[in-house]
Amino acid sequence: MRYWLGVVSKEHVQKGMEGGFAQVCHGKKGPLMKMVTGDGFVYYSPRVSLFGKDLCKCFTAIGTIKTGKVYQVEMTPDFHPYRIDIDYFPSQDVPITDLMDQLELTQHKSWGMQLRRGLIEICPEDFSTISKAMQL
Numbered sequence: 164m165r166y167w168l169g170v171v172s173k174e175h176v177q178k179g180m181e182g183g184f185a186q187v188c189h190g191k192k193g194p195l196m197k198m199v200t201g202d203g204f205v206y207y208s209p210r211v212s213l214f215g216k217d218l219c220k221c222f223t224a225i226g227t228i229k230t231g232k233v234y235q236v237e238m239t240p241d242f243h244p245y246r247i248d249i250d251y252f253p254s255q256d257v258p259i260t261d262l263m264d265q266l267e268l269t270q271h272k273s274w275g276m277q278l279r280r281g282l283i284e285i286c287p288e289d290f291s292t293i294s295k296a297m298q299l
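Residue 177 in the numbering used here sits at position 14 of the sequence shown, with consecutive numbering throughout.
It should be emphasised that the hints constitute simulated quantities derived from the structure, not laboratory data.
Just so you know, nobody snuck in bad clues.
Each computed DSBU-like pair below joins lysine-lysine, with the alpha-carbon atoms no more than 35 Å apart:
| # | residue 1 | residue 2 |
| --- | --- | --- |
| 1 | 197 | 220 |
| 2 | 220 | 295 |
| 3 | 192 | 232 |
| 4 | 192 | 178 |
| 5 | 216 | 295 |
| 6 | 220 | 178 |
| 7 | 178 | 232 |
| 8 | 216 | 229 |
| 9 | 216 | 191 |
| 10 | 178 | 272 |
| 11 | 295 | 232 |
| 12 | 229 | 295 |
| 13 | 272 | 191 |
| 14 | 220 | 191 |
| 15 | 216 | 232 |
| 16 | 272 | 192 |
| 17 | 197 | 229 |
| 18 | 272 | 216 |
| 19 | 229 | 192 |
| 20 | 178 | 229 |
| 21 | 191 | 229 |
| 22 | 191 | 232 |
| 23 | 216 | 178 |
| 24 | 178 | 197 |
| 25 | 220 | 192 |
| 26 | 272 | 220 |
| 27 | 216 | 197 |
Pair ranges (Cβ atoms, derived):
| # | residue 1 | residue 2 | range |
| --- | --- | --- | --- |
| 28 | 216 | 189 | 16 to 26 Å |
| 29 | 286 | 231 | 18 to 28 Å |
| 30 | 213 | 193 | 18 to 28 Å |
| 31 | 214 | 243 | 18 to 28 Å |
| 32 | 193 | 273 | 18 to 28 Å |
| 33 | 298 | 165 | 18 to 28 Å |
| 34 | 183 | 255 | 11 to 21 Å |
| 35 | 295 | 235 | 28 to 38 Å |
| 36 | 200 | 260 | 30 to 40 Å |
| 37 | 288 | 240 | 42 to 52 Å |
Glycine included, C-beta positions come from ideal geometry on N, C-alpha and C.
When you get a sec, could you build the whole thing from the sequences and use the hints?
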């Protein structure tokens, strides 16, 4: 089992939770192909909206990969992103600042740079720490 951190706006997280899916890296297929059924998945949202200035800086959703099957959808005639289904857990948003001293993810001086990739693998201990903090 592996654990993944997706980085998208809170508005996009909410759409994914409503539809039971995850979409990362502007809809690219490749990053999603790394995931398999049962893997852990958590979203971090640096901003509230994609182009907005309002900051979020919270873990905003958490769950497990449902089937591991990646599929494509048509959102507009020019945009056909790839998605993967997620079983989301009931959760609350948790500011990353509340957990920074507890996460391996944030121990490096320039830890935020890795988030620019849009999807990164995290260690089981970080996933567990985030999961416990997000539980309702």
